[in-house]
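*Asks:* The primary structure of each chain is shown beneath.
2 protein chains.
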Amino acid sequence: MIIKNGKLLNFSNMPIITDFSSTVGEKEKAGPLGEYFEHYENDPYFGQKTWEEAETELIRKTVKRVIANSKLKNEDIDFIFAGDLLNQCVSSSHGLINQSEAYVGLYGACSTMALSLATGSIFIESSAANNVICATASHFSSAERQFRQPLEYGGQRPPSAQWTVTGAGAVMLRKTSLKNEKIKIKQVLFGKTEDYGICDANNMGAAMAPAAANTLIDFFKLSNTCPTDYDAIITGDLGTIGSTLLKELCLKEKIDLSKNYCDCGVMIFNNKTQDVHSGGSGCGCSASVLSSYFLPKMKRGELSNILFVATGALLSPTTVQQGKSIPSIAHLINIIKD
Amino acid sequence: MIIKNGKLLNFSNMPIITDFSSTVGEKEKAGPLGEYFEHYENDPYFGQKTWEEAETELIRKTVKRVIANSKLKNEDIDFIFAGDLLNQCVSSSHGLINQSEAYVGLYGACSTMALSLATGSIFIESSAANNVICATASHFSSAERQFRQPLEYGGQRPPSAQWTVTGAGAVMLRKTSLKNEKIKIKQVLFGKTEDYGICDANNMGAAMAPAAANTLIDFFKLSNTCPTDYDAIITGDLGTIGSTLLKELCLKEKIDLSKNYCDCGVMIFNNKTQDVHSGGSGCGCSASVLSSYFLPKMKRGELSNILFVATGALLSPTTVQQGKSIPSIAHLINIIKD
Chain A
943 MIIKNGKLLN FSNMPIITDF SSTVGEKEKA GPLGEYFEHY ENDPYFGQKT
993 WEEAETELIR KTVKRVIANS KLKNEDIDFI FAGDLLNQCV SSSHGLINQS
1043 EAYVGLYGAC STMALSLATG SIFIESSAAN NVICATASHF SSAERQFRQP
1093 LEYGGQRPPS AQWTVTGAGA VMLRKTSLKN EKIKIKQVLF GKTEDYGICD
1143 ANNMGAAMAP AAANTLIDFF KLSNTCPTDY DAIITGDLGT IGSTLLKELC
1193 LKEKIDLSKN YCDCGVMIFN NKTQDVHSGG SGCGCSASVL SSYFLPKMKR
1243 GELSNILFVA TGALLSPTTV QQGKSIPSIA HLINIIKD
Chain B
943 MIIKNGKLLN FSNMPIITDF SSTVGEKEKA GPLGEYFEHY ENDPYFGQKT
993 WEEAETELIR KTVKRVIANS KLKNEDIDFI FAGDLLNQCV SSSHGLINQS
1043 EAYVGLYGAC STMALSLATG SIFIESSAAN NVICATASHF SSAERQFRQP
1093 LEYGGQRPPS AQWTVTGAGA VMLRKTSLKN EKIKIKQVLF GKTEDYGICD
1143 ANNMGAAMAP AAANTLIDFF KLSNTCPTDY DAIITGDLGT IGSTLLKELC
1193 LKEKIDLSKN YCDCGVMIFN NKTQDVHSGG SGCGCSASVL SSYFLPKMKR
1243 GELSNILFVA TGALLSPTTV QQGKSIPSIA HLINIIKD
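Chains as they are written, first to last, in the working numbering: chain A, 943 to 1280; chain B, 943 to 1280.
Just so you know, the hints here were simulated from the structure itself, not pulled from any lab data. Wrong hints could be hidden among the right ones.
It does not matter which identical chain is used: a pair holds within one copy or between any two.
To be verified - Lysine-lysine pairs mimicking BS3-like chemistry, simulated, CA-CA at most 25 Å apart: (1) Lys1279 <-> Lys1194; (2) Lys991 <-> Lys1266; (3) Lys1117 <-> Lys1196; (4) Lys1128 <-> Lys946; (5) Lys1117 <-> Lys1128; (6) Lys946 <-> Lys1117; (7) Lys1189 <-> Lys1214; (8) Lys1241 <-> Lys946; (9) Lys946 <-> Lys1126; (10) Lys1121 <-> Lys946.
With the hints as extra help, turn the sequences into a complete structure.
*Replies:* The structure is reproduced here in structure tokens:
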């Protein structure tokens, strides 16, 4: 049953995270979290001919692997919730062709992993589904071509720019599990579309930080908790600039994130040696870090109560060229070890 | 409560469709359904400067109007489920900035109206929400520029091509209604991503017909009903070619759609005088026709049991240029007058 507290949704049964999988590219493997990813490939084309096919292969393989990890048959899976950054979300729809499960296409930009987990949880909690997959992917080269310049152009990047992660994450959510799994989704808070007038597509951390702040402030108010009630508060890909801004914005509301806050975009690369400027981004960033680093840590009992807040910058190259500001959104998932 | 019968989801409480609104452009107003649309504008720019801003305005105004029709306050609305065809779904995210409701971005191409209604229904039925808006829009000129050629180019269109509808539809779904409304969503069937090898982006009806056929065949099997049990079976925008194919594909499975089948893409334009080749398309097509023609007919008691099956062609200009085939999907909604 779902108990609604304002816009905060509490799950009385709590969907179970039974399995997860992650795939990344060479640069992510070489980063500080390299040892944690389940799978990586040195070939940036993932055996394909185009960057778009590479991203398609990335999500396809990661979803295939989470199904294998779960030991479920394809026909036992009711839904797949997925989306990505490519125009018309083609890496998800093409990567998941002819699967037996129903396909719910989502678009939340870099918030997609949290959006898919939140939506998937409601489907499970409502008995609309028993087993669902939540997945997303991004690829540096397809994103550069589409959002900025083709790689061959060699354009310079300002210090506030972020580096799109080549990576995918997939999570299996289940209503019941024979394996006595303990990682569960306790509550979710969907975000609103908000616009703070940032127009610089090379500073997406600044565009997204207010959305993350608002979702977190709403959450602490509605749940009557404070940051130290959680083992970790994890944002998706605010990067160094955005995560500094988030801490400042929260502090203004007397919410101190200094103890246990981290950002997947800051964690995934070594900012000093990997030339990524403000850090990692792309919906594969938080998806792969959640599925490789945080969920296994929960499984091992090293973390037992986390907030996962993935943020999305809702821009397109056309809106940026037209001088429009960048609305953003942040969805929150509270994951516990029961 | 949701009762799951295979992949068919039955709602025991049944979310109520209390209000709807539609907006179209001049060409749609001049078509056979012209008198039914709630609102239209002669200015193809909808008072804005770019086609993308026009589409943004189209969804913004339609959502505003469905809220006004419902007499609800903004803060009473829990969620808005929306998506569109523009890259990164920007007309929805930009059109719905700073609304108080949580935003769930969906991407289902032209199936978006059915996808939003199906997802919204589950949120209502599960008690995750009391009031939600499901909305989508498309615009001929923004779609031409993005998917085909800029209008100024004056490219010729083959006879199998369809004409993107300039239109938007929005539906208010509620858990309870004081107004004793009777239009309810009884069951939904989410579709799978399917690929039949069609590579011609100028023949999307052919790409989408098999997805519609499979969803309908699955539905009749799972619900143990036949086409004549319904007052109308409505597809989204298969157009003349796609809807002919759908009837043929269903007939092969001994499902005869000849009695009560229609397609919004065929209905919205006069095929003989309006130069639209195979008919209308775009996610605003089925959204505006459902919200202006079919739902009011149900309200007046002229229809009491319909199947709304919106289909989506999951292509992007990049995948088409790369010679990829076009996967497609169809989601089904059974709407009844209780």
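*Asks:* Now, for every hint given, state plainly whether the structure supports it.
*Replies:* Do the hints match the structure? See the list:
1. Taking the shortest alpha-carbon separations for Lys1279 and Lys1194, neither the intra-copy value of 31 Å nor the inter-copy value of 51 Å comes in at or below 25 Å.
2. In this homomeric assembly, Lys991 and Lys1266 come within 25 Å of each other (Cα to Cα) only across copies, at 12 Å, whereas the closest approach inside a single copy is 34 Å.
3. Taking identical chains as interchangeable, the C-alpha atoms of Lys1117 and Lys1196 are never at most 25 Å apart, the minima being 37 Å within one chain and 37 Å between chains.
4. Taking the shortest alpha-carbon separations for Lys1128 and Lys946, both the intra-copy value of 12 Å and the inter-copy value of 23 Å come in at or below 25 Å.
5. Within a single copy, Lys1117 and Lys1128 get their C-alpha atoms as close as 13 Å, and across copies as close as 23 Å, so both meet the 25 Å cut-off.
6. Proximity of Lys946 to Lys1117 under the C-alpha cut-off of 25 Å is found in both arrangements, the shortest distances being 19 Å within a copy and 13 Å between copies.
7. With identical chains, the CA atoms of Lys1189 and Lys1214 are at most 25 Å apart within one copy only, with a shortest distance of 22 Å there and 62 Å across copies.
8. Proximity of Lys1241 and Lys946 under a CA criterion of 25 Å is satisfied in neither setting, with 28 Å inside one chain copy and 31 Å between copies.
9. For a Cα distance limit of 25 Å, the shortest separation of Lys946 from Lys1126 qualifies both inside one copy, at 18 Å, and across copies, at 22 Å.
10. Taking the closest pair of Cα atoms, Lys1121 and Lys946 come within 25 Å of each other only across two copies (24 Å); inside a single copy the shortest separation is 29 Å, beyond that limit.
Consistency with the previously given hints fails for numbers 1, 3 and 8, ordered from lowest to highest.
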